[in-house]
Each structure stands twice: as structure tokens, then as C-alpha cells.
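*Asks:* Chains as they are written, first to last, in this note's numbering: chain A, 1 to 141; chain B, 1 to 154.
I should point out that these hints are in silico values taken from the structure, not numbers from a laboratory. Ideal placement from N, C-alpha and C gives every residue a C-beta, glycine not left out. One or more of the hints may lead you astray.
The calculated label-pair distances, taken between Cβ atoms and stated as ranges, are [claimed, not checked]:
| # | chain 1 | residue 1 | chain 2 | residue 2 | range |
| --- | --- | --- | --- | --- | --- |
| 1 | B | ASN91 | A | ILE117 | 48 to 54 Å |
| 2 | A | ALA115 | B | ASP48 | 47 to 53 Å |
| 3 | B | GLY145 | A | LYS69 | 45 to 51 Å |
| 4 | A | ASP40 | B | HIS47 | 28 to 34 Å |
| 5 | A | MET84 | B | LEU7 | 50 to 56 Å |
| 6 | A | LEU81 | B | PHE46 | 33 to 39 Å |
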Amino acid sequence: GGSVLLSGRKNVEDFTGPRERSDLGFITFDITADLQSIFDWNVKQLFLYLTAEYSTRKNALNQVVLWDKIMLRGDNPRLLLKDMKTKYFFFDDGNGLKGNRNITLTLSWNVVPNAGILPLVTGSGHVSVPFPDTYETPKSY
Amino acid sequence: MIVSSALMIWKGLIVVTGSESPIVVVLSGSMEPAFHRGDLLFLTNFHDDPIRAGEIVVFKVEGRDIPIVHRVIKIHERENGNIKFLTKGDNNEVDDRGLYKEGQNWLEKKDVVGRARGFLPYVGMVTIIMNDYPKFKYALLAVMGAYVLLKRES
Chain A
1 GGSVLLSGRK NVEDFTGPRE RSDLGFITFD ITADLQSIFD WNVKQLFLYL TAEYSTRKNA
61 LNQVVLWDKI MLRGDNPRLL LKDMKTKYFF FDDGNGLKGN RNITLTLSWN VVPNAGILPL
121 VTGSGHVSVP FPDTYETPKS Y
Chain B
1 MIVSSALMIW KGLIVVTGSE SPIVVVLSGS MEPAFHRGDL LFLTNFHDDP IRAGEIVVFK
61 VEGRDIPIVH RVIKIHEREN GNIKFLTKGD NNEVDDRGLY KEGQNWLEKK DVVGRARGFL
121 PYVGMVTIIM NDYPKFKYAL LAVMGAYVLL KRES
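Chain A on its own, in the form it takes in the complex (with noise of 0.2 Å):
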């Protein structure tokens, strides 16, 4: 597979929330990866994307895609992103982020070939991330 560091930080949380109010998390973070050695023949692109897992009272299992990036044959497959805001807002199903202590990001690809088989491969890289214990103070924007 590809080489991946993952690292991500200030973790804030906001109260705000479609019907309920629901967590709202945000996580900036940074990717260096090499993924060159997974572009054999047969592939045609990578759609990567960075994924949060955790365990709350409510739910077992929570998995929240944060940021995904297609990467096409002949694209640069090195990346080197800092301080990446992501894409999609995190919201949990409830209130199970405040003083989470146990967060993994991680960055996983699924590799779409000219024509077979569709795997799908996890990165070698993941990070654990807590949230703080008490809500931050909603910004303006």
C-alpha cells in the first residue's frame, strides 16, 4: 500500500443542530501520503477519504466522512496538506462528542480499476483524537 501520516488537532465543539441539538465537532488536520505504489494498470482512480470513527452511549459504532479527494491516473499521488479544514460537517447523532476521548481519523482509499474487482483498501495511517469536555462558545461568521 501507500505511506500515510495523519495528524489532527484543535478539536472544538459547537451546540448548534438541524431539529435536536446534536454535537457539532470540528477537526483540523494534516496528510502526508505517497500513494504512487498502489497505481498499477489497472487503476484508474483513488477516491480517497478521511473518516471519523468513535463509539457513543446512543451508538456502537459512528463513522463520519470528513474529507474525500478523487485521485486520477496521472495525478500527483503525493499529498501534503496542512492545516485542512474539512469538508463536510461532523455532526454526531446525538451528543456523543463532547469528552470523547476517542476519536480515530483515518484515511482510507477505494481503488476503481478500468474494469474487475472493487476493493477497498484502509490506509496505514490513523490518529486519536479527544474532544474537550465542555462545549466552546458559538462563533460568528
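Go by the hints and put chain B onto chain A.
*Replies:* Chain B alone, transformed into the frame defined by chain A:
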């Protein structure tokens, strides 16, 4: 003979894959550049296969016939295995909530027709052409019928 063999193979595929629709044709561009209109997808739907973020699933919205092929971007699974999940097309700006039934915010296991396990490009274009141009479909059937009849003669 040909028809009954084809039917048997199809029924066999349904049993072996666990999916009511083991082969589907991609109908829209919402998963480009991975899949294009006319690509063929091979599905399995094993009950024990867990649904996880990043997977490509084929699902049907309650009350609609058209299968949709999109990616799972969010899952919340309870201790007892009950799962609710959200999907999005790679090529779409927003998630699929607008596609679901009125008031429905999540998909459940029962909405899933299968998981995409393999694919062949372009091959499914034939069914799309037949759908969009019925005259082509009749012409094709006529040719197939003529072939079967002529083969018997010799």
C-alpha cells in the same frame, strides 16, 4: 432453450449473490469519474456484510423503482446491529437527503439492493439505448428471433 438457460443463470445469480438485482446498469453521472452512464455493476448483498463508510451501495428509495448507486458517507450503528446511514454521489455537491422520501433523513439496511463488488465499463449501454429508443429494442428482438429460427432450419 436459450431463454430458459438464461433465466436459470439469472435466478442462480440472485441466489448466489443474495441480491434481488445482482447486475445493474449505471444510469446517471453522479458517480463520475469512477462510473459513467452505461457502465455495468456487479452486486452482492450478503446479510452479514456490515455497511461501512466509503462503500458503494445500490439502494432504492421507498416507493421508487430506480436503483441509485452512491457512496456511504455516514453511519450510526447501534449495539443491536440496527444501522442508519447517509449516502452521496461522488460527483454531487450535496448528500442524498433530497433524494430520500419526504421526512426521511437516513437509509436502512432494508433499502439496500446490494454492494458494488465489480464493474465493467460501457457494457450496459445496450440496455440504456433500448430504454431510450424502443424501436432499437424491437429491432434487436427481431434479429434475435430471426437468428433462433434460422439456426433451427440448418
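*Asks:* Each hint needs a verdict: does it hold in this structure or not?
*Replies:* Against the structure, the hints:
no.	hint	verdict
1	B:ASN91 with A:ILE117: 48 to 54 Å	violated (22 Å)
2	A:ALA115 with B:ASP48: 47 to 53 Å	violated (28 Å)
3	B:GLY145 with A:LYS69: 45 to 51 Å	holds (50 Å)
4	A:ASP40 with B:HIS47: 28 to 34 Å	holds (33 Å)
5	A:MET84 with B:LEU7: 50 to 56 Å	holds (52 Å)
6	A:LEU81 with B:PHE46: 33 to 39 Å	holds (36 Å)
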